[in-house]
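Protein chains: 6
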Amino acid sequence: MNHGDFLKDYRIKDEPYYRPQAEEIALFTAAYERRLPVMIKGPTGCGKSRFVEYMAWRLGRPLLTVACNEDMTAADLVGRWLLDSDGTRWQDGPLTQAARHGAICYLDEIVEARQDSTVVIHPLTDHRRQLPLDKKGELIQAHPDFQLVISYNPGYQSLVKDLKPSTKQRFTAFRFDYPSADVEAEILARETGIDPGLALRLIGLAESARRLKGHGLDEGISTRLLVYAASLMADGMAAKHACRMALVDPLTDDDDIRATLEHAIDALFG
Amino acid sequence: MNHGDFLKDYRIKDEPYYRPQAEEIALFTAAYERRLPVMIKGPTGCGKSRFVEYMAWRLGRPLLTVACNEDMTAADLVGRWLLDSDGTRWQDGPLTQAARHGAICYLDEIVEARQDSTVVIHPLTDHRRQLPLDKKGELIQAHPDFQLVISYNPGYQSLVKDLKPSTKQRFTAFRFDYPSADVEAEILARETGIDPGLALRLIGLAESARRLKGHGLDEGISTRLLVYAASLMADGMAAKHACRMALVDPLTDDDDIRATLEHAIDALFG
Amino acid sequence: MNHGDFLKDYRIKDEPYYRPQAEEIALFTAAYERRLPVMIKGPTGCGKSRFVEYMAWRLGRPLLTVACNEDMTAADLVGRWLLDSDGTRWQDGPLTQAARHGAICYLDEIVEARQDSTVVIHPLTDHRRQLPLDKKGELIQAHPDFQLVISYNPGYQSLVKDLKPSTKQRFTAFRFDYPSADVEAEILARETGIDPGLALRLIGLAESARRLKGHGLDEGISTRLLVYAASLMADGMAAKHACRMALVDPLTDDDDIRATLEHAIDALFG
Amino acid sequence: MNHGDFLKDYRIKDEPYYRPQAEEIALFTAAYERRLPVMIKGPTGCGKSRFVEYMAWRLGRPLLTVACNEDMTAADLVGRWLLDSDGTRWQDGPLTQAARHGAICYLDEIVEARQDSTVVIHPLTDHRRQLPLDKKGELIQAHPDFQLVISYNPGYQSLVKDLKPSTKQRFTAFRFDYPSADVEAEILARETGIDPGLALRLIGLAESARRLKGHGLDEGISTRLLVYAASLMADGMAAKHACRMALVDPLTDDDDIRATLEHAIDALFG
Amino acid sequence: MNHGDFLKDYRIKDEPYYRPQAEEIALFTAAYERRLPVMIKGPTGCGKSRFVEYMAWRLGRPLLTVACNEDMTAADLVGRWLLDSDGTRWQDGPLTQAARHGAICYLDEIVEARQDSTVVIHPLTDHRRQLPLDKKGELIQAHPDFQLVISYNPGYQSLVKDLKPSTKQRFTAFRFDYPSADVEAEILARETGIDPGLALRLIGLAESARRLKGHGLDEGISTRLLVYAASLMADGMAAKHACRMALVDPLTDDDDIRATLEHAIDALFG
Amino acid sequence: MNHGDFLKDYRIKDEPYYRPQAEEIALFTAAYERRLPVMIKGPTGCGKSRFVEYMAWRLGRPLLTVACNEDMTAADLVGRWLLDSDGTRWQDGPLTQAARHGAICYLDEIVEARQDSTVVIHPLTDHRRQLPLDKKGELIQAHPDFQLVISYNPGYQSLVKDLKPSTKQRFTAFRFDYPSADVEAEILARETGIDPGLALRLIGLAESARRLKGHGLDEGISTRLLVYAASLMADGMAAKHACRMALVDPLTDDDDIRATLEHAIDALFG
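Residue numbers (this note's numbering), protein chains in the order written: chain A, 2 to 271; chain B, 2 to 271; chain C, 2 to 271; chain D, 2 to 271; chain E, 2 to 271; chain F, 2 to 271.
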């Protein structure tokens with residue numbers, strides 16, 4: 002893959018829909034100017050990835066996203082030798098591609114990755130901005146446009162899975178939460194076409210469920226699930242069925258919690 | 002394997018026998034129209050896989066089924082490099098095949114899989130509908146016909162093996178249970194040819210056993226095992242032997258539970 | 002290995018000696034007619050494998066036996082890519098061979114295998130009768146003659162090592178135990194040539210030891226060990242030496258249990 | 002990579018900015034004269050890596066840095082065989098490169114590495130100064146200029162992750178801490194251009210936070226994070242926003258600690 | 002390696018020195034006549050391996066010995082595919098070699114091996130006498146001369162590391178112990194040339210130490226260590242030094258046990 | 002690597018400096034005459050490796066040293082197949098090289114190695130003196146000059162990491178400790194050139210610290226660290242700085258222990 006191809010494939014073509022909530026755009030822009038590494042915290046489905054996509058579009062930079070997982074090794078980020086007809090051939094991993102060609106590299110849910118994946122980013126996140134490819138014997142000096150962005154969900158934070166202090170101390174950070182009711186209603190209407198009153202009723206249901214977080218639910222109902230429910234309703238499904246299928250059944254099998262949620266649905270849409 | 006071959010091999014040729022229980026067909030169809038990811042929950046042998054097969058036939062889409070297991074890695078879903086006479090050659094995994102060619106991909110018992118297998122589906126399940134092949138350096142935009150369906154059995158749900166909230170929040174969901182007695186009798190008669198009265202007696206036995214779930218049995222007797230017993234009886238085996246072989250011996254070695262079940266068999270068929 | 006070779010190598014040439022105990026032959030035959038998967042339960046050395054071998058001979062089907070173990074992976078059953086002079090070459094595993102060519106595949110002590118090995122058999126054990134070779138991109142429709150048989154020993158059953166309910170619910174099952182005294186005596190005489198009176202004295206010893214199961218012995222003395230002792234005696238070794246070598250020393254190093262067994266030997270043969 | 006290339010790529014071109022704190026430069030120089038191995042201890046972001054970089058520049062030696070991690074094996078340090086068009090080819094790891102060509106090898110956060118990585122350095126750290134490449138069958142006598150430097154953070158020290166006594170006994174050691182307030186202010190002004198008064202206010206905030214170490218914070222605010230905050234302020238961001246983004250959000254999600262820190266920010270900059 | 006070479010390399014050329022203790026030679030010979038699998042139990046260094054070597058010589062069979070260990074896999078016993086200039090080539094493991102060419106295969110300390118290594122021997126140890134090479138697709142019928150012998154040390158027996166009942170029930174067994182004093186003295190004199198009186202004094206020391214087994218010593222002093230001590234004394238070392246070096250320092254660092262043993266040495270040789 | 006090269010590379014060219022402490026030279030020589038395996042026990046940095054190096058020089062034998070670690074496998078000792086332009090090629094490991102060509106093989110800190118590494122040495126340490134290369138199908142008869150030497154540190158001895166009795170019973174053994182004060186002073190003066198009075202003061206400090214072993218220090222100050230301190234002082238560093246850098250900072254971060262040691266330094270050199 003040559004440089005030109007690379008830039009083309011990972012560039013965001015159309016402006017993603019993003020509804021700002023505070024001063025996050027100005028602050029991210031300032032961090033990018035200094036190329037400071039950025040960490041974005043917040044619950045599932047609150048718009049973290051959408052924000053990064055929007056900033057990549059706004060800053061005109063290609064975006065490489067990596068969904069981290071506990072079986073991911075440093076080689077999955079940095080690259081590895083592959084066997085070819087002429088012997089071994091080096092394949093850059095997504096982090097190396099981003100550092101070499103000047104993209105924003107977004108490591109989604111970084112705490113899920115194995116430790117070698119988090120340590121490998123260290124030399125890219127201080128004054129050196131270097132990535133040593135030990136297995137290839139090459140020392141990459143990051144492209145001037147390169148920036149590293151990571152996300153993580155503090156709700157998962159535990160003694161077993163947390164970033165090491167020596168990693169945390171390399172990032173500036175934002176904390177996200179679900180949007181306020183009026184912003185969220187604007188998002189639902191914009192994405193599915195349902196009318197604002199219906200959107201606000203769905204959000205009322207979500208707010209009830211979010212109060213159950215830690216009391217039987219691991220996480221509240223995300224904006225994404227609200228979009229699912231609204232789109233099923235926009236296609237003519239009954240509110241009761243759409244809500245059960247998008248907002249209840251995915252989240253829990255606990256009979257008490259289910260009864261509470263079903264009761265709220267009946268009250269709102271019955 | 003080229004595109005045409007692919008479509009042919011995995012397309013369901015004949016209408017599978019499926020007996021609807023509620024509005025699941027209309028709701029699945031609506032979810033497919035919006036290409037929302039679908040999760041199907043329910044106990045073993047209640048017809049989850051059969052329903053997915055039926056919907057694939059009804060929607061005219063090829064179906065790729067993957068039986069998930071705890072040794073399955075992301076590469077088993079996404080693909081890997083193989084060594085060929087001309088060096089390495091990329092082999093698409095079933096998830097990649099489905100995303101590339103526009104099939105329904107059905108991940109059966111997803112909670113059994115390792116976490117990297119569940120995280121790899123994330124970018125396919127939000128607005129991006131993308132599958133990054135990090136090891137190949139390719140970013141696949143899912144075919145417009147592609148849909149992701151997963152199943153899982155809440156009875157197995159535990160702290161150790163459960164979907165992460167960030168995965169759950171990407172799916173709409175259905176909850177299945179064993180069919181009602183008359184529906185189940187219709188299924189037994191249709192599949193094995195036994196007469197309805199005998200079918201209802203077998204179902205009566207199953208309902209007794211299902212009440213033992215959590216009291217010595219991990220799960221109740223499934224519709225599948227009832228079909229086994231009915232087919233042995235249809236071939237002339239004594240009811241007592243057929244029931245022991247299909248409904249008792251596979252499920253338990255506990256002497257008390259066995260005595261309870263044998264007693265019920267004697268009462269019904271003795 | 003072509004189809005013809007395959008059939009030849011794994012076909013049982015001579016009728017194995019098998020002494021029926023109840024109606025297991027008729028029931029197994031009925032299950033085979035419907036191609037229902039069969040599970041055989043029972044203690045070590047009671048004749049489970051011999052029964053399967055006999056049925057394969059009687060039904061005229063080739064038999065592939067796999068001794069399962071905790072390091073066995075799905076690839077050991079299904080097959081894998083091997084490197085050849087022309088690149089990679091696919092090698093069918095025993096399960097794939099059996100499904101492709103129409104043999105009985107016997108997975109001995111299935112609970113010892115890793116979970117991926119048990120999940121991989123699922124699509125072969127329901128109405129689909131399919132085996133997806135994900136790594137090869139091939140979907141095998143099982144040969145009409147194919148049947149799956151598994152064995153397991155309930156004495157080992159524990160929370161850690163047990164079949165998942167979703168696996169159990171795919172099998173019909175038989176429970177075996179040690180033969181009755183007269184049947185066992187007939188077996189000893191037939192296999193080693195010792196006279197029936199001596200055989201019954203050995204079986205008396207075995208029955209004493211079987212009562213110690215769970216009280217210092219993990220399992221009772223199997224029919225196989227009785228055959229060992231009888232054959233050493235048939236070759237002229239003293240009963241005392243033959244019994245100690247075949248029935249005591251293999252089973253235990255506990256001094257109390259040893260004294261009990263030695264005492265019984267002295268009483269019977271002293 | 003030939004010798005000349007190697008020396009060029011890893012040589013520090015420009016004098017790194019380093020503000021000495023005590024007699025560490027003279028002592029490191031003396032240790033280097035005798036080629037004694039050196040261990041540098043201290044908290045995250047206090048300047049350990051910067052000091053090693055400065056000493057490499059001052060001594061005119063190339064510097065190879067390895068960020069250790071728990072998945073790193075001895076082969077990652079020493080080297081491995083790679084497959085080439087002419088068969089296998091040996092690739093020196095960074096430790097071997099440094100020993101062969103006469104560089105300083107800096108193993109950052111050595112306790113994170115697996116034990117084989119720490120044992121492999123033993124023969125390089127006593128009178129032998131040898132590195133056996135067992136897998137290659139070569140015995141390297143270290144270049145006269147080679148020196149080994151390691152770092153570790155005693156705050157992480159635990160029974161599980163600590164250097165073995167037989168490793169510790171091979172090193173001389175330095176203990177670093179955060180710079181004194183006036184030195185740290187000088188660093189902030191020099192690196193970001195903010196005025197000294199503002200720098201001292203930021204350091205006052207850091208000193209408050211450092212007192213929370215062990216009382217809700219794993220580590221205090223590092224000099225590096227202070228540089229981040231100062232640079233955002235130098236670019237026009239409000240102090241409140243810059244401090245939250247650089248000094249609060251990266252470190253903690255604990256509400257009490259956050260309130261304490263936000264309160265201190267208000268008091269200093271409100 | 003062709004058949005002839007194989008027979009030659011592993012055949013015992015000269016009669017090993019072996020001093021019988023009871024009827025073990027006749028019993029082993031009878032077991033070999035019936036090709037019954039044999040298990041030899043006993044403490045470290047009591048002569049188990051020497052006995053097997055002697056029987057192989059006496060029966061005129063080649064002997065393959067495998068020292069089992071916890072990292073040994075079934076492939077280490079059975080064989081594996083190797084890459085060759087013409088692609089992959091199958092390499093028989095020692096168990097396969099023995100079964101194919103008709104040798105005695107001796108698995109030393111079998112309980113140390115992983116479970117897959119022990120299960121793989123099952124079909125070789127019942128009436129089938131087969132070894133399925135699943136990875137090669139070959140079913141080996143054991144050579145008529147083949148016999149399997151295993152050893153294990155009951156002193157190590159624990160819940161974690163013990164043979165499974167289904168493995169034990171496949172073997173006849175011998176229990177060995179240290180030789181009686183007069184036999185052991187004969188062995189020492191024969192192997193090192195020291196005079197019988199000195200040999201008996203060494204054995205007296207060993208017997209004191211053997212009584213400490215389980216009271217500070219894991220095992221008693223073996224015949225092998227007595228041979229070491231006697232040979233050092235035969236070469237002129239002082240008894241005190243030879244005994245400490247061969248009988249005390251290898252076994253323990255416990256000061257009390259050391260004092261007891263040193264005291265016994267002084268009493269006997271002082 | 003041919004035989005001649007091998008002998009040359011690993012032969013000790015110059016007499017290593019070694020200061021005998023008791024009769025260890027005569028006893029090692031006697032053990033070597035009989036080719037008895039030798040185990041050397043003692044704390045870190047007391048001169049174990051130096052003694053082995055000296056004996057190899059004195060006996061005129063090449064020396065192969067392997068620093069054992071918990072990730073080391075039997076293949077690292079014995080050898081493995083490598084891929085070459087003509088297919089696979091066997092590479093002898095260090096143990097095989099030593100056994101084949103007649104060197105002394107020194108396995109340093111053997112308890113750190115995985116069990117397969119320790120079991121693989123068994124057949125080399127009894128009357129057989131053989132090394133079976135199972136993976137290659139070769140049985141090596143050890144060269145007449147070959148000897149095996151291992152070291153281990155009883156201070157690390159634990160239930161988890163200890164040699165198995167069946168391994169211990171194959172070795173003669175020496176126990177080393179730190180040298181007496183006058184011998185240690187002679188070593189310091191000889192190695193660094195400091196005057197004997199200063200050397201004795203350093204040793205006084207070490208003896209204080211050695212009494213803290215088990216009371217806050219894992220091990221006492223080794224002779225090696227004393228040589229470090231003495232050499233820094235010989236180069237003009239202040240005693241206070243040299244002692245802190247060589248004798249305090251490498252060993253501990255415990256404030257109490259540090260205060261005790263600093264106090265002792267002040268008293269001796271203040």
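Among the hints, erroneous ones may be present.
If chains are identical, the list can't say which one is meant, so a pair holds when it fits in one copy or spans any two.
[To be verified] Restricting the straight-line Cα-Cα distance to at most 30 Å, the calculated cross-link-like pairs of lysine-lysine (BS3-like) are:
| id | residue 1 | residue 2 |
| --- | --- | --- |
| 1 | K9 | K214 |
| 2 | K137 | K214 |
| 3 | K241 | K9 |
| 4 | K9 | K136 |
| 5 | K241 | K137 |
| 6 | K14 | K137 |
Just so you know, the hints here were simulated from the structure itself, not pulled from any lab data.
Each hint, compared with the structure:
no.	hint	verdict
1	K9 to K214	neither (42 Å within a copy, 46 Å between copies)
2	K137 to K214	neither (47 Å within a copy, 40 Å between copies)
3	K241 to K9	neither (44 Å within a copy, 38 Å between copies)
4	K9 to K136	both (28 Å within a copy, 19 Å between copies)
5	K241 to K137	neither (58 Å within a copy, 44 Å between copies)
6	K14 to K137	between (34 Å within a copy, 22 Å between copies)
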